Amino acid sequence: MRIVFVVGIGAMIGGIAWSPGTVAQNAPAAASAPPAAPPAVSQQAVRLLKQMGAYIGSAREFTFHADITFDHVLPSGQKLQYEAAEVVALQRPGGLYVEWSGDLGDRQFWYDGKSVTLYDPATPFYAAETAPPDIDAMLEKVVTQLDFSPPLADFLYRDPYHAASENIQFGVYLGTTDVNGRRCDSLAFVEKDIDWQIWIDTGPQLTPCKLVISYKTQPSQPQFSAVFTNWNFDPRIADSVFTPYLPSGTEKIPFAPVVASASSK
Amino acid sequence: MTKWYSDGTKPGFILLAGAVVVICIAFSAERAMAFRGGFGGFHGGGFGGFSRFGGFHGGASRFGDGGFFDHSTDAGFGRGGFGSVHNSSAYTDRASAYRQSHPEYQYNASQFQQTHPEARQNASQFQQNRFNEANTLQQNRTNEANTLQSNRYNDARNLQYNRQTNFNNYSNDWGGYYSGAGFGAGLAIGATMMALPAAAAALSVAGNPYYYANGIYYAPQGSQYQVVPPPQGAVVSIPPPSCSTIYQGSTRELDCGGAFYSSVPSGYQVIPPPVGATVTTLPSGAVDENIKGTTYFTFGGAYYRPFYSGSSVIYEVVANPA
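Those protein sequence lines, which keep their order, are chains A and B. Heads up: the first sequence begins at 900 in the working numbering, then just goes up one per residue. Heads up: the second sequence begins at 3 in the working numbering, then just goes up one per residue.
Simulated from the structure, these hints should not be mistaken for laboratory data. A quick note: this is a predicted structure, and the numbers were derived from the prediction, not measured. For every residue, glycine included, the Cβ atom is placed at its ideal position computed from N, Cα and C. Some hints here could point you the wrong way.
Derived list of chain A stretches under chain B, where covered just means 3 residues or more per stretch with a C-beta under 8 Å from a C-beta of chain B [unchecked claim]:
hint	segment
1	943-957
2	996-1007
3	1011-1022
4	1045-1057
5	1062-1074
6	1090-1101
7	1105-1117
Extracted from the complex, chain A is given alone in its bound form (with noise of 0.2 Å):
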């Protein structure tokens, strides 16, 4: 991948504007407390960051492929990465179906506005859930409640920029960069757990190119990353495809509830 800068790093630098209200950040400090410093983000990864959460976020119905490495990390410290290719198809309010096919194992996940059902192939068992009626309750449900989330879901909610810059520390923009073909834009942000970078198309569809998530607190500081392609916003996605298409002879068990432990929320 040729990577092109268009700004230098102290351009960069000195393009980042102290941007108090574009992250959240409303609530004031009580007296007694020292301020929390305020995020620095550039204005313009803000802008961009934006623009393609309204534009993924406003579309009824889209699909979309990712082509993603993990890192898997062994006691010793050494990282072994691994791969998977997501599939999904959304449909607002209550439609995902998100297909997971990877080194490590393949999964399926139906929701129908009603339900989750989450397979794994290489067994003779799915699991399903209640689920509230749209995407953005089911999929806090899932992760606060179920203890797993489909990757990528920053992508599913209606306003993926509030989902994706909820805890936004520092924020740059990089410049423009080829991703698979595509001219994208780069950005980087620092957050306490983590480190993330998105690539977003520059049009006329703004959307992510790429995404990579450094869990920098973590040993070996694994990451995650993601290179989109076929972002499709006229799928006409039939109603059959959020139903649970399950073998015969597939028995449902339960889901094991979370739980709370003093430092896991």
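Since the structure of chain A is already known, use the hints to place chain B on it.
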């Protein structure tokens, strides 16, 4: 499942590899408590013996040998919110909680070697063996992927059994209640290699030869060596690299990322999994049984109940539900 594509093309999935069959056992007091609540009265009885492990240091649930970033069970599919910026805080909180309860994962590589001198011995040869093992593992995984791809739509249940059979050719000699889980340093059960690690020590369990190094058991298979689950009854002088201490009464035991060990005068002995433990793969030869409308798997007198933990299917060891 690709019929939403208006041009009729399929997304062109390439099955990059099959599932790595890494057996691991998760054992958590908190998780067990959750099962109790979630599964109702039945499991209240099933976990009666679990309170013996009150000394187990808590924390997040165990998911594999490589800590929270071991994706051998969830296939990378979003456990705890993995792969999402929005859910990164929840995910890292879970991962941090895991590390706090498993201090071995706070080590860096050099600390790991210092605390595991066996891993330092003849490091270059160990590294070479690791490469050999990785190559063999990759080949095995590719082979398995091909098999999985052709079989997966035929009969998922048979596939499950086939996988276990493929990876447990040595199981006839294990015997006993349960052979325990087996993996080490990310190596899959069933992986074969031409040479043993330099630090491998010879063992004999129930008259069968094994070799042990750095938490991994190898069984001779022709001119090669196959990674096998820890054979129940095996006694080793050095426990696997990552273990948590649990107590049964005053007896100190080790949960070594899935295999359970009891301290004995000559070292550490592989023991059966206790009720409340969860395994990601069933022991070879386990058969399903419907009891009061619920599917269980039985093997050697132990009962396993399947459920989804996050995006992973795992099996809980329960008391006899009949």
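Hint-by-hint comparison with the structure:
1. 943-957: Violated - the segment 943-957 of chain A has 0 residues with a Cβ nearer than 8 Å to chain B, which falls short of three.
2. 996-1007: Coverage by chain B holds for the segment 996-1007 of chain A (11 residues, Cβ < 8 Å).
3. 1011-1022: Since three or more residues must qualify, the claim that chain B covers the segment 1011-1022 of chain A holds, with 5 doing so at under 8 Å.
4. 1045-1057: Per the Cβ count (10), the hint holds.
5. 1062-1074: holds (count 4)
6. 1090-1101: holds (count 5)
7. 1105-1117: holds (count 5)
Of the numbered hints stated above, the single one contradicted by the structure is hint 1.
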